[in-house]
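Undergrad: Using the working numbering, the first residue of the sequence shown is number 95, and each one after it goes up by one.
Keep in mind that a hint or two might mislead.
[Said to hold, decoys possible] In silico SDA-like links for lysine to any residue, alpha-carbon gap of 20 angstroms or less: (1) 151 - 166; (2) 230 - 292; (3) 230 - 305; (4) 260 - 239; (5) 168 - 223; (6) 143 - 108; (7) 230 - 242; (8) 260 - 228; (9) 260 - 236; (10) 151 - 141; (11) 151 - 114; (12) 143 - 121; (13) 297 - 236; (14) 297 - 320; (15) 297 - 220; (16) 230 - 248; (17) 230 - 331; (18) 260 - 319; (19) 230 - 264; (20) 168 - 247; (21) 168 - 139; (22) 168 - 133; (23) 151 - 134; (24) 151 - 305; (25) 297 - 223; (26) 260 - 292; (27) 168 - 249; (28) 297 - 264; (29) 297 - 260; (30) 297 - 336; (31) 297 - 329; (32) 260 - 227; (33) 230 - 329; (34) 230 - 136; (35) 168 - 205; (36) 260 - 168; (37) 260 - 242; (38) 143 - 114.
These are calculated hints, taken from the structure and not from any lab test.
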Amino acid sequence: MESTASNVEGSRLTRPLYEDTAAQLRERAHDLDPGDRLGSEAELVQEFKVARGTLRKALEMLEREGLIWPAQGKGWFVQRHDPVRWMASWPERNPDPKVTPNDAWSRCVRAQRREPTEVQRLEVAVAQPRVAERLKLGDDAYVVGRLRVQHVDGVPYRRNDTWYPKDLVEGTPIALPGDITPGAFAVLDELGRGWRPPGLDEKVARAATMEEAALFRIAPGEPMMETIRTRFDADRQPVAVSIIVVPGSRTIDVYEVVDSDDESTDTDPDR
């Protein structure tokens, strides 16, 4: 028994200091409410009497666990687990040139008294197989991507990558950096290819990749919801594919289920 006790005590003595600090911070975070402020680096260094480098390792450890997150200039906060209730079928069933799907998402977030922001970039690349298949493109065909990371209250909530055939949108605002004016639907409509309902959603639940864990500040392997949304024009030809990825704990996707006599909406797998 004495040998066992000595081994335990020895393991405590040899454990890195940042792990001890992380354990104390973890206990503190569990005593706070979601969204509460844990403190700034300067405040925590002074309180725990450790070097800044040691503290940062401890904070990064808890961030990887999905327990805390940093807000620039404000300090560290306990992670909130408040899902956004997203009316996923609204912009698809009611396409409006003045309201893009991303505008609709932002409105939905604001209606829940929360603040949406996003970081976006433009990319031109060879279509990945699952995008090429849904857009009915040949091998080595190029697509234009509008890639967005959408935040809620400063926290990365979902990634929304929308891909368009390059041959279709080249020379339009969709293929240029910055916001799309007057909106993707309006641009496609001017080309005679505006999307019309119904679209097609394919959903899968899977584990987060290491890249996604870092992006969303969650633990590797946390459940994710991935949606592949294909939009079609009036002739039922695909014009855009969106790949939307969000941690499962951060979204409630709401769909309206409607009856239709239109055979094009039939998704019976046996047909």
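Undergrad: Out of the numbered hints, which ones does the structure contradict?
TA: Numbers 3, 5, 7, 13, 15, 16, 18, 26, 28, 29, 31, 34, 35, 36, in rising order.
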